[in-house]
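Whole structure, please, built from the sequences with the hints as guidance.
2 protein chains.
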Amino acid sequence: MTPHDLLDGLRSRRPAALARAISLVENGAAGFEAILEALHGDLGRARRIGITGPPGAGKSTLIERLTQAYRQAGLTVGVLAVDPSSPFTGGALLGDRIRMERQSLDPGVFIRSMASRGSLGGMATTTGEVADVMDAFGFDRIVIETVGVGQSELDIIRVADTTVVVLVPESGDGIQVMKAGLMEIADVLVVNKSDRPGSDRLRQELEVALGVRTGNAYRHIPAHHGADVSGQTPRRQEAKDGGSGGAGAEGRGGAQAVAHAPPWEPPVVGTVAAKGTGTDELVEALDRHFGAQEGSGELERHRHLRLEQRTREVVDRAVRRWTWSAEGPRPTLDAALGDVAAGRESPYGAARRVVRALTRGGA
Amino acid sequence: MTPHDLLDGLRSRRPAALARAISLVENGAAGFEAILEALHGDLGRARRIGITGPPGAGKSTLIERLTQAYRQAGLTVGVLAVDPSSPFTGGALLGDRIRMERQSLDPGVFIRSMASRGSLGGMATTTGEVADVMDAFGFDRIVIETVGVGQSELDIIRVADTTVVVLVPESGDGIQVMKAGLMEIADVLVVNKSDRPGSDRLRQELEVALGVRTGNAYRHIPAHHGADVSGQTPRRQEAKDGGSGGAGAEGRGGAQAVAHAPPWEPPVVGTVAAKGTGTDELVEALDRHFGAQEGSGELERHRHLRLEQRTREVVDRAVRRWTWSAEGPRPTLDAALGDVAAGRESPYGAARRVVRALTRGGA
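Residue numbers (our numbering), protein chains in the order written: chain H, 1 to 363; chain R, 364 to 726.
Treat the hints as calculated values from the structure; they're not laboratory data. In this text the structure is predicted, and so the values were computed from the model without any measurement. Glycine residues also receive a C-beta, built at the ideal position from the N, C-alpha and C atoms. Misleading hints may appear alongside valid ones.
What the hints assert, rightly or not - Sample of chain R residues facing chain H (criterion: CB under 8 angstroms; computed from the structure): (1) Asp-469; (2) Phe-653; (3) Val-678; (4) Gly-724.
Here it is in structure tokens:
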């Protein structure tokens, strides 16, 4: 299939073309950026919903229910599940996936899993790019699931219009969640398995925590975060940006943008996904959030920040590729690598030489 | 403390200077690369031992035992524990850490934890840089612990001379381990809690698997992996490098280097770390591995590859910093970002313009 055929296939809404385009983007295969570029004008129609929470919180079942509800309302749904796939626990999520993929017999539903293999920094960009393909294909809702390890939960705000944090009574107390910065990223909190002991207590803790919460989630999106090798979290990143002008501090604009709209108060929705309880309330909360953000201009601002961030990541990726290509600063690079290998130079001195060559235009 | 004082402190082996230098490096604070550059000539004395395995395998207790054994042999030990610190399970490892840090009352032992916050791509570089500081400080052994999420286990071969994979009977069957690529990275396999049911079976499975294993771990180190945003695993990376010349394929040399030394056969060591059983056998296996690698020239080759990889990562980091700095391609960048924001350009078109400007030397 040529890129042209692939684009034709996407525009004629052929599922095979969608699957192929997503694989291309996921693997960074030849021509993937040309596809994304061609689709760029078709973006923005879908609502992107990010769902995160600890393993075992029932996210997949909840997404099944959500998908059913959207289908009943005549909406099409793309689901993108990002698995951290630990070498030690890799197979654990497979059952969920297979179960979920039964829904995909419905042509109005498309389900895709991606193995993140723990590389969450670059994964956020790839996840956003795959969501773009789904958006351009024409899904009304895109649901992005990340399973709880480290940065991935905080990264989800970089790809979603609305972020849902799913907890269960067993997943521990609200204090842990607050400390982890999840209260700041949640637009909607779900207490799933809310028929179990401890769920009332968890809801109360979350509501108390929300009462003392100020501002809203969007101000926590750093202007330029994902492509940073140091891989700081948004909050550490902000601290760093405001810090002593260290290595990571240059060249980030836009962090000053602060929301002036009335802050959204995240509701706490109780669900029992296994029984379908609470799904309507969740759908309604998601609609309310999207409507509020749209009305206040926050949606546009958030999407604008996301686009700027994406651009920076794509630029970084392209510059890195260029650096090591035949068009890049080869003579300086090769000499520097040789000097490091021979013990005449440190990696840091080598990097300085390369940057000096770039500044002189000596590429 | 000025960088000069800090270097003086490190060279006089003052623990406060060590702690400060590590913080500087971990946070990427102003001057961290100058410190690393100054220390570059002092590296290579320490043996670096990487220890990985699933949560609950008893890695920390095993490291305590290993540390005791090294201390009894008159060797100093630096321990670097890299925690993935999930927002959901963040506190779980604290108990181990506090217990381990009791050993640090001994001035011949230095224990440090780093929160990776899941960003494993850049984390491997930072982990290597912190290990460098410990190496320059003069520790005889540096033990690096990573706890099992995704890429981190596979990344550990990028920082360690010897990689130990710790399993327990409960952690599931050997097939899972083989599928996850852990057999390829393990120089020594440990079955901890080997007094529990199922441990004989696990050992047998591992030994059978080792029998069919070919080659050795080092050929799995990709030449340029860590700084790649796409965050592929070593094996996927290799597949990609050999692929159709896609986005990630340019500019990586050295992947062709293949070991010619007789392959090391990883032993399976049974331990009961809680009781101290098997520690001597483990120490002996580690010594044998290091000796074999040193004798065959593999150690030097491995360290050489590691240095080349580090250089590439440091160059990428510096080039990225430069791109967004005042010395970088500002006019082109600003115009491109503006055009994307105004809807006149896609992120991919913007990136192409920046790269074109670099190639023309129009920085």
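To see whether the hints hold, each was checked on the structure:
1. Asp-469: violated (31 angstroms)
2. Phe-653: violated (22 angstroms)
3. Val-678: With Cβ-Cβ at 5 angstroms, under 8 angstroms, it holds.
4. Gly-724: holds (3 angstroms)
Going down the numbered hints, you'll see the structure goes against 1 and 2, while the others check out.
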